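Please build the complex by placing chains B, C, D and E on the supplied structure of chain A, with the hints as guidance.
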Amino acid sequence: MVPTQYYLLVSAALFCIGLAGFVSRRNLFIVFMSIELMLNGVNLSFLAFSRHIGSLDGHVFTFLVIALAAAEAAIGLAIVILIFKNAGATAASDALSVDNYQSLKH
Amino acid sequence: MHPAFFYILATVSVLAALGMIFQRHPLSAAVYLVVCFLGLAGLYAMLSAPLLAILQILVYAGAIMALVVFVIMLLNVRDEDLPHEPHMYWHLGGGLALGAALFVVLSKAIHKVPGEAAPTADLVARYGEQVGGAPKFGGIEAVGLHLFNQFVFPFEIISILLTVAVVGVVVLAKRRI
Amino acid sequence: MLAYAPLFPFFLLTAVALIAMLMSALVEDGAKVGWFTAAGLTGVGVLAVNQWASNDGPHRLLSDAVTIDGFSYFFYLLFCIIGVVSTVMAIPYLDREQAQRGEYYALLAFALTGMFVMVSSDDLMTLFLGLETMSLAVYVMVGWRRHVLRSNEAVLKYFFLGSLAAAIFLYGIALIYGSAGTTNLVDIASLLHTPALNMNPVFVLGSLMVLAAVGFKVAAFPFHMWAPDVYEGAPTPVTAFMATAVKAAAFALAVRVGLALFSVGQLHEIGQAVVWHLAILTMFVGNVFALVQKNMKRMLAYSSIAHTGYLLVGIAALPDADAGAAIMFYLVAYAFTNLGALACVAFLAGREERVENIEDYAGIAWRYPLVGLGMAICMFSLIGFPPTAGFFGKYYLFIAAMKANLAPLVVVAVINSILSVYYYLRVIVTMYMVPPSGAVDPAESHIPGPTRAVIVYASIAVVWAGIGTANITAFLPGAAPLITSAKDSMKSLMSKPKPESERTTTTGER
Amino acid sequence: MSFLLSLLIFLPLLAGLAILFFGDEDEQGFARWGSLVVAIANGLLSIGLLAGAERVAGGIQLASFEEKRPWIDALGIQYFLRTDGMSTFLIILATACTAIAIAASWRIVSEKARIYYGCMLLLSGGMIGVLAAADLFCFYVFWEVMLIPAFFLIGVFGGEQRRPAVIKFVIYTMVGSLLMLIGITYVGWQHFVLRGSWTFAIDALYGLPFRDGIAMWPFLTFLAAFGIKAALFPLHTWLPAAYSQAPMPVTFLLSAVMAKLGIYGLLRVALPIFPEAAQVAMPVLAALATAGVVYAAFVALAQEDARLVVAYASISHLGVILLGVFSLTHQAVAGSVFHMVGHAVTTGALFLLVGFMAERRGSTLIADWGGAAKTVPVFATFFMLFMLAAVGLPGLTAFIGEFMIFLGAFKQHATATAIAATSIIFGAAYMLWWYQRTMFGPVQHDGVARMADLNMREGALLMPLVLAIIGLGVFPQPMLSAIAPSTAAYLKHFGVAADPAPTVSPTKVGPPAHGAVTHGEAGDAAPAEHSTQGIH
Amino acid sequence: MQSTALVSLIPLFPLVGAIVLGLVALFSSHREVGPDKGLVGFLACLGPIMSCIVATMLFADLRTNPQGFVHVAFTWFSVGSLHVPAEFWVDRLSGVMIMIVTFVGSLIHIYSVGYMQHERGFTRFFAYLNLFTFSMLVLVLAKNLPLMFLGWEGVGACSYLLIGYYFTETEKAQAANKAFIVNRIGDLGFLIGMFVLFWYLGTKGVWTVDFATIRENAHLITPAMAGVIGILLFVGACGKSAQIPLHVWLADAMAGPTPVSALIHAATMVTAGVYMVARMAALYNLAPSTSHVIAIVGMTTAIMAATIAITQHNIKKVLAYSTVSQLGYMFAAVGAGAYSAGVFHLFTHAFFKALLFLGAGAVIHAMHHEEEMDNYGGLWKKLPFTATTMLIGCVAIAGIPPLAGFFSKDAILFAQWQQGWYWLWGVGLFTSFLTAFYMFRMWFLTFLGTPRDHHAYDGAHEGPAVMNVPLAILAAGTLVVGFLGLPEAMGGSKFAAWLAPAVGAHAHLPADLSGKALEAATYGLHQTEYLLAAFAILGAVAGITLAFLRYGGQATPVFGRARGLFALFQNRYFFDHINDAVFVRGSIDFLGWGFRHVVDRWIIDGPIRGLPTLYYKFSDTVRVMQSGAVRTYAYAMLLGTLAILFVVMSGWSLLRF
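Protein chains in written order, with numbering that gives the first Met the number 0: chain A, 0 to 105; chain B, 0 to 176; chain C, 0 to 509; chain D, 0 to 535; chain E, 0 to 656.
Chain A on its own, in the form it takes in the complex (with noise of 0.2 angstroms):
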């Protein structure tokens, strides 16, 4: 049986991979998907445990966080269509871009 350790490395993993991508790209789409992934590194560590401890909670937890996940993912893909819709009159080429935003500052 594969101990619930490596799971959890792989979990860890994902989770940092998750926030490399987060800090390092600009593409809003992508920045996205790695909070999406990150969530999903997450799950897995809730179901590693689950297993670990016997316990259904972390199932639940999983459960929980997909819809959520889901949830974000509408308003986050909202915000996105807004933005690239507002920004993309001014700037079509960098709407996408994280980096456009940076009118708040100082």
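FYI, nobody ran anything at the bench for these hints, they're computed from the structure. Source: prediction; values computed, not measured. Where is the CB? At the ideal position from N, CA and C, for every residue including glycine. A portion of the hints provided could be inaccurate.
[What the hints assert, rightly or not] Listed next, the in silico EDC-like pairs over lysine to aspartate or glutamate satisfying Cα-Cα at most 20 angstroms (straight line): (1) A/K84 with B/D78; (2) E/K381 with E/D457; (3) C/K293 with C/E351; (4) A/K84 with B/D80; (5) C/K490 with D/D498; (6) D/K373 with E/E170; (7) A/K104 with E/D619; (8) A/K104 with C/D94; (9) B/K173 with C/E355; (10) A/K84 with B/E79; (11) C/K31 with C/D94; (12) D/K373 with E/E168; (13) E/K380 with E/E370; (14) B/K173 with C/E27; (15) D/K410 with D/E275; (16) C/K293 with C/E358; (17) D/K373 with E/E31; (18) C/K293 with E/D619; (19) C/K490 with C/D55; (20) A/K104 with C/E355; (21) D/K373 with E/E118; (22) E/K203 with D/D498; (23) C/K402 with D/D72.
[As the list claims (entries may be wrong)] A few chain C positions that, by computed beta-carbon distances, are all more than 10 angstroms from chain A: (24) M22; (25) A24; (26) L128; (27) G142; (28) P227; (29) G232; (30) E268; (31) V455.
Same frame as chain A, but now just chains B, C, D and E:
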């Protein structure tokens, strides 16, 4: 299941995840992500979580990612619309270094997770046995019972949350109100 | 059915939110939804007060997921008040900005729903879901002015960073779950007395990640950077809502989580050390950055960060009950103050929020005496000037910190208060003592009734919450009744009876 | 009349708020008459504090007015007011000065009258509150409440440079008072630790056994607050800025009453709560006070603006009072309390006159004056009287205080006192020189030649001050007797015993049995029965 | 010691007068025509005359009651051990003083009614003058030091007011300032002396500021401490009585109207220092070295002022320096322990110097306020009465027997000799020669020769009777009062015997002598006394002769610029120049300016203004960290999280890193 499945699925997931963040075009990234999610579904299954494995495929890889892809398509993102990322690899390197540092900390801690996973026998003893010898643990019945017994309140909250999301999306994305 | 009676305020609130949502689809005029929501929230508040008065100890319901105690009621009431005030504030604002839609109020009510969950749950996962409900609703509210790119930018930043924080929070929950075998805070707290868990690095890691995520929500350094941008870009009533309700909810969460995770043994040491440093850094960052701000909302955002720093002093003084009570009082005081200040800002900004720079406020107190006075009172409260509520809040915090042997933190907080005088005073000086430059385009010479009401009542509350005493009036909470009830609430939070259900906690093999 | 103190505080506070909100903007009618009536009524009420005074062994025991209500039970904070010999006269002073200041504002404020008069009353209420508070927390609240109206009065109605001045004023004061907040918190907590309960009642905090060495820090926080308010050198630089920019009636009120509150705070709070730390610090503090006395005198000498001359003179005189406060003798402390009133009426009167000057000439620059005694003889007469009072002429009120302070302080800080006492020279120098350049000499400016003399209103305003200056200079004893029991009680905190009674004059004056310059043989010649006479 | 309320009446009369006149002056200040001058003059003279009557009554009683009378009017102030009643005391010393003050004061009041007839501030002048009389009476009647200080400063303030009476002239106003401020320097010494005395006696268990009690307990004071206290009090006396180095104000004080100079700056106020030292005789007796210092200062002042006086052209300045010089004599006397001699000189000086000043006033009045002797000459014909009375004064001050000045000065010189301070005697003798010279120089320049300003000369005329009568009375006094203080050789001084209960007898011979030895010693003493008197008379005659030779016959004496030593004299030993350069300019231009512009603005306020600037600059610099980029924020969050994790996990050794 054989441990080899784990290694295969784990490798696929991690590589797909890495592949996702290295893609220039969001569509291909989305495809990588779907692959990653599928791999994860496999791992879920290995963790005696068949229900979640199915949900992962249906909801995550299916619905959510479909939504993402749909939006990308809807916005008609062409190559020239993509952000100009001159030093993407450098940035990724930095991000990965950060991630690696975190990973080191996490792995050191994970290393200290005590003991082993609960034996299947225990689970069977506690949650009963399905047809075919698998424990009911992780099955739709057990999870459902658990959800509606212990977690009915969170369940209600999540429904409110989804309502909020619906209202929010309508407000944000509707063309003209 | 009666067993669920303590949940009635929550149910009622949800009902209000849903009805508001439905109304907004059916009713043409969004303002009506707003008034309905305000009335509904008032009803929720009244109900909560009634139940609070007859509260006979913590009620643990729904498989221990919900604990309704004095602490919850305290915040229910606070949220209802803030909800009503920010609703009323938003009605004329949205009219002016021509963005009057009923959904706004529905979302506001939904956000409050999430907050209710946050303050009355003992389960990390439920807390988290409450937090997310609130956050999602607030994201949308921040982006309310859809055609304004700055508003879009604010929501973009808030959403992405908020999601990141949520992921971190969630990972923390996962680690805690894995190491403790449960996410129930009461259970964890009792388990923490075993050194096995107290010293478990996985658990510590999880707790710290939760702490970081909470740090994001309360805008503590170094997780504060979203706050100025979002506060500035958001519609002003939303800024007010965020600075008050969201912050209060986040601190309620912090108190709950802190009490459970960081109050025992080595973890207490760790938590205190981390919060100690974060508090100092947060205070300094807030005050140093606020000084040079030209935009009023942005200045208030940094000031809000500074106040987070002061509140963190209280968090560092946990698990002393006085510290908790001080935080609660501070939140109330800060809420009234910020509502008043931002109501003034919202009015003065004029259409499309063109007038937001402090220098544009020159001489404005003479054109709008009420606004000037209200703003001045709020600024004095933010400085911490008696007899305003802001002073009492700070004072209780200092007392609590002294009691917890955190005198250095008190000194730093005082130094920061001195630093803060500069920029708060500048607002008053500009309003009262600088001749008008003529740059201000008076959008309206008439202050809308709701705005006027908000300014007046917030100002009165700011003063009254300072000087009101129990023996002058029993029914309006001033400083004395407020702190007493906050203390009682903290006591009820901290003296948990045994869980009703005998759910065994699986701790897993060590 | 147990609510007399509350009445004294809240009458002006509530009336001030009422005027602030419901007063008229331009007409001035309600605002100024209303505030004047309230201020006079309050002044009359405050005289009620003298009711019930009794003659006792050590002097006159004033009836103690006390009022205690729970405020914030959770921390033992009370709404607790009490008066004694130290505070009673200062309260009367505050009420009287408020009335005078409001009456003196008649022509100065033309618009925004409601703000002005409302703030005046609020300021007055806050000051009376500070003086009456017997709970440290109450004390702090009133202490800060004063600042807000003062801030607006200076910032809105002040002169050209009002904004920097008012910001300096507020920042300085806030720095002090926030530091004091740490101290207050600390002593309350220490009471909790050492005595097991929360309280901020000032007399309960006396005599707390602080750990060795630690008490100096909280003491310094209090010292910062009170030292700034009382313009203790080198914390004084806010004062000239604020005093010279504020409208003169406000400056009058600030100098006459508010500056005294710092000294009062030292006497009431800072020194007796930390007697050991205070005694360690006293030589240094006395040296600072002395430095301030001399320093400010020299700076005053070099000023070209009458407002600044008086402002620095005020710092110099405050230094004298502080020197008395930092000396633990009956004479010095009683002298300080007395001189607070004495200094208030003299410096206050000078500020009022400077205000009248500004009204008449439109300038307080000394160079714009000269020879005015010829055109405005009545003005010059009042001015002369106040000026002589300010230089400490015996028979006028300031002398009594200064004399007792110097005498008392001399025992403890001989060198410092000797240096500080040079202020009688420098004080005379800058005052006389100022007077000479303003009032004497030939008339050189048209503005001076056409000036109107004091009118009846102004004369009536100055009369109470004149009466106080002369009356308290000639008959200070009733007031001193009433102060004495309180100062004796105060000195007990430092372990200073009551003074022995003065040696009475011998019943007969015999011829001194000395020879010529008899080189120290006098001792033998003196009758033996005199040698121990009068020693008790 | 009897108690009588009459004592308190003495200062009360002039006080009431001052208040009434002051109010009249205040309320009539804008009237074109002032109140009736006759009435005002009457009111003004009433107070001092009433006081004089009461004083005379008490004085008469003093013959039988050497202890004097005490009246406690009320308790002035009293805290702890310090008890200061408003307690007035007439004993034989203060009895003499009140007689001088009220009698001479009354005369000068009367004289002033004439002299000030045409002045605008007539009422104001008398209000001040009455106030002065009150203060002076409080000074001399006070039974304790603080109360004396009240009078002490009160006379100073009145002097200030009266010197500055012609306030429209800047120089006169400045002279007033100078008088007050220089006096204040002395007052500082007085105050500190008082403090030392109070606390020192306190350590001995005696808590007092009362003169009588101090005298009773003076033996408790060690000589060293008595010396310190004595010197400090003497500093006060220096200020008030214009002794070196605080003498600079008196000559400038002549800016006031001449009656003021007569009353305040000759007869009464300036002698307060001598009076005070005599009052504290018990103390000074304990401190011989301090007494010696006083004598030296006194004699130095005497000769220095005399040398200055010989070069002055202004008639009042001559008299002013003469006053300084005579005051120096008095201090030399009290320094030598001859208190009665000092007070006797004070007494006689009050007469003849008041006479001289009033005479000078009459001359000035006649010459239309011309004070320079350069423009006088030959006035003998126009002003015979004035010239005669002034001649009496001059003879008296020059020390020609049997006029007042001779006896008093002789006693002083003899006291020096007796103390063995022969060189002080020599200086005194020389000063006496100079005195005779400059006084007659003044007289000759004024009244002899030919008129140098014919215009003024033609208009000159004798003053009204109201001015002449006081002159006559004073002249008569000058002629006779000397006999009260006959030398030991000529039967002994009644004056000294009178004062003995108050200041102690001045023993001329060792007390343990008897029989033959006593006779021999007494004989020797008397021979010495005669011899010394002869020297003094010789010196005086020489001075008068020299003055006559130099100025008597010449029609137009030469007033050239003085050279050499005389330049030093004429420039008043450059005291004013040095004071102005060092102290006045030093405190205003150097310390005042420096403190104001450098210390206050930069050293104290600089950091206070600098910190906010620094805060602002810092804030402005770090704000760029808020870049506005989401990724920056995310980095900050993650690095923060990582930092916390690293620090905690390694710090608490939860992980092995």
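Each hint tested on the structure:
1. Distance check on the hinted pair: A/K84 and B/D78 sit about 17 angstroms apart at the alpha-carbon level, within 20 angstroms; holds.
2. With a C-alpha separation of about 9 angstroms, the suggested pair E/K381 and E/D457 falls inside the 20 angstroms cut-off, and the hint holds.
3. For the given pair, C/K293 sits about 17 angstroms from C/E351 by alpha-carbon distance, which is consistent with the 20 angstroms threshold.
4. A threshold of 20 angstroms between alpha carbons decides the hint, and for A/K84 with B/D80 the separation of about 12 angstroms falls inside it, so the pair holds.
5. For the hint linking C/K490 to D/D498, the alpha-carbon distance of about 54 angstroms lies beyond 20 angstroms, and the restraint is violated.
6. For the hint linking D/K373 to E/E170, the alpha-carbon distance of about 16 angstroms falls within 20 angstroms, and the restraint holds.
7. With a C-alpha separation of about 13 angstroms, the suggested pair A/K104 and E/D619 falls inside the 20 angstroms cut-off, and the hint holds.
8. The hinted pair formed by A/K104 and C/D94 fails the criterion: a straight-line CA distance of about 28 angstroms is larger than 20 angstroms.
9. About 29 angstroms separates the Cα atoms of B/K173 and C/E355, which puts this hinted pair outside 20 angstroms; it is violated.
10. Between A/K84 and B/E79 the CA atoms are separated by roughly 16 angstroms; this keeps the pair inside 20 angstroms, and the hint holds.
11. With a CA separation close to 12 angstroms, the supplied pair C/K31 and C/D94 stays within the 20 angstroms bound.
12. About 11 angstroms separates the Cα atoms of D/K373 and E/E168, which keeps this hinted pair within 20 angstroms; it holds.
13. Only pairs whose Cα atoms come within 20 angstroms are accepted, and E/K380 paired with E/E370 is accepted, the gap being roughly 18 angstroms.
14. The hinted pair formed by B/K173 and C/E27 meets the criterion: a straight-line CA distance of about 17 angstroms does not exceed 20 angstroms.
15. Taken as a hint, the D/K410 and D/E275 pair is honoured in the structure, with Cα atoms around 19 angstroms apart against an allowance of 20 angstroms.
16. Between C/K293 and C/E358 the CA atoms are separated by roughly 7 angstroms; this keeps the pair inside 20 angstroms, and the hint holds.
17. Straight-line distance between C-alpha atoms of D/K373 and E/E31 comes to about 13 angstroms, which keeps the hinted pair within the 20 angstroms bound.
18. The hinted pair formed by C/K293 and E/D619 meets the criterion: a straight-line CA distance of about 11 angstroms does not exceed 20 angstroms.
19. With a C-alpha separation of about 13 angstroms, the suggested pairing of C/K490 with C/D55 holds against the 20 angstroms cut-off.
20. For the proposed pair A/K104 and C/E355, the alpha carbon gap of about 15 angstroms is at most 20 angstroms, so the pair holds.
21. Under the criterion of a C-alpha separation no larger than 20 angstroms, the hint pairing D/K373 with E/E118 is consistent with the structure, at around 14 angstroms.
22. Distance check on the hinted pair: E/K203 and D/D498 sit about 14 angstroms apart at the alpha-carbon level, within 20 angstroms; holds.
23. Distance check on the hinted pair: C/K402 and D/D72 sit about 17 angstroms apart at the alpha-carbon level, within 20 angstroms; holds.
24. Every CB of chain A lies more than 10 angstroms from the CB of C/M22, the least distance being 22 angstroms, so the non-interface label holds.
25. Every Cβ of chain A is farther than 10 angstroms from the Cβ of C/A24; the closest lies at roughly 18 angstroms, confirming the non-interface assignment.
26. At the 10 angstroms boundary, the C-beta of C/L128 falls inside the reach of chain A, the nearest C-beta of that chain being 7 angstroms off.
27. Non-interface status of C/G142 relative to chain A is broken: a Cβ of that chain comes within 10 angstroms, the nearest being about 7 angstroms off.
28. For C/P227, the non-interface assignment is contradicted: its Cβ lies about 7 angstroms from the closest Cβ of chain A, within the 10 angstroms cut-off.
29. Chain A draws C/G232 into its interface by the beta-carbon criterion, the shortest separation being 5 angstroms against a cut-off of 10 angstroms.
30. Every CB of chain A is more than 10 angstroms from the CB of C/E268 (nearest about 26 angstroms), matching its label as outside the interface.
31. Separation of C/V455 from chain A is adequate, the least Cβ-Cβ distance of about 31 angstroms exceeding the 10 angstroms criterion.
Comparing the model with each earlier hint shows violations of hints 5, 8, 9, 26, 27, 28, 29; every other hint is respected.
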